[in-house]
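Novice: Whole structure, please, built from the sequences with the hints as guidance.
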Amino acid sequence: EAGVAQSPRYKIIEKRQSVAFWCNPISGHATLYWYQQILGQGPKLLIQFQNNGVVDDSQLPKDRFSAERLKGVDSTLKIQPAKLEDSAVYLCASSLDQGTLGAPLHFGNGTRLTVT
Amino acid sequence: AQSVAQPEDQVNVAEGNPLTVKCTYSVSGNPYLFWYVQYPNRGLQFLLKYITGDNLVKGSYGFEAEFNKSQTSFHLKKPSALVSDSALYFCAVRDWQAGTALIFGKGTTLSESS
Numbered sequence: 006e007a008g009v010a011q012s013p014r015y016k017i018i019e020k021r022q023s024v025a026f027w028c029n030p031i032s033g034h035a036t037l038y039w040y041q042q043i044l045g046q047g048p049k050l051l052i053q054f055q056n057n058g059v060v061d062d063s064q065l066p067k068d069r070f071s072a073e074r075l076k077g078v079d080s081t082l083k084i085q086p087a088k089l090e091d092s093a094v095y096l097c098a099s100s101l102d103q104g105t106l107g108a109p110l111h112f113g114n115g116t117r118l119t120v121t
Numbered sequence: 005a006q007s008v009a010q011p012e013d014q015v016n017v018a019e020g021n022p023l024t025v026k027c028t029y030s031v032s033g034n035p036y037l038f039w040y041v042q043y044p045n046r047g048l049q050f051l052l053k054y055i056t057g058d059n060l061v062k063g064s065y066g067f068e069a070e071f072n073k074s075q076t077s078f079h080l081k082k083p084s085a086l087v088s089d090s091a092l093y094f095c096a097v098r099d100w101q102a103g104t105a106l107i108f109g110k111g112t113t114l115s116e117s118s
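So the sequences go chain by chain: A and B. Residue numbers 6 to 121, in this note's numbering, belong to the letters of the first sequence in order. Residue numbers 5 to 118, in this note's numbering, belong to the letters of the second sequence in order.
Don't read these hints as lab results, they were simulated from the structure. If a hint is listed, it holds; no wrong ones were tucked in.
The list that follows gives simulated cross-link-like pairs (lysine-lysine, DSS-like), each with its CA atoms no further than 27 Å apart:
#: 1; chain 1: A; residue 1: Lys-67; chain 2: B; residue 2: Lys-110
#: 2; chain 1: B; residue 1: Lys-53; chain 2: A; residue 2: Lys-49
#: 3; chain 1: A; residue 1: Lys-49; chain 2: B; residue 2: Lys-81
#: 4; chain 1: A; residue 1: Lys-67; chain 2: A; residue 2: Lys-49
#: 5; chain 1: B; residue 1: Lys-110; chain 2: A; residue 2: Lys-88
#: 6; chain 1: A; residue 1: Lys-49; chain 2: B; residue 2: Lys-73
#: 7; chain 1: A; residue 1: Lys-83; chain 2: B; residue 2: Lys-110
#: 8; chain 1: B; residue 1: Lys-26; chain 2: A; residue 2: Lys-49
#: 9; chain 1: A; residue 1: Lys-16; chain 2: B; residue 2: Lys-110
#: 10; chain 1: A; residue 1: Lys-49; chain 2: B; residue 2: Lys-110
Bear in mind the structure is a predicted one, so any value in this text is a computation, not a measurement.
Specialist: Printed below as a string of structure tokens:
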């Protein structure tokens, strides 16, 4: 079974520039998550999708962050414009249908973003 | 609100000795509890989970965890540590009634010496 794919692995941009991350979940996984992991902290949920609908985006800074999952499969997360404090690892995860609450999340290797 | 606490930033253990990584949680309903491990420059890997039933759950790589409802704890354990266990460990909780995504602790670095 192929895992969660993310690209790029690393990205360096200047503040006020824009950046986009891509994620392809495990085949058949209806639920997709984007987490932000700042150095020294645990992952923090940014947005959760169920198929192509948003379940929870309460912690997404909507003035600069956006995410979509148009066809219910892969997803993109965008930051525009970036700030220094956005430097972090952005993790994508997927799981079986949300109704299976005991299902673990499967994570990709993440995208490490550095904003200078 | 749901939360997870990992009181230790780092745990040091000698190879062959037993290890424990501590986790306490707070949820309004019944908890689903998880442990993940993260190696450098990698994503999180699932180790084990508690949903219901036996309070002692076994997972990957010889790890186990004990659920204690009265102490609201879910400590990760291993009888005999390996140098290769050195990594960052995260405890996470989901409130099954709220049906939310996993909430993670800040992580504990396990450092082992041979």
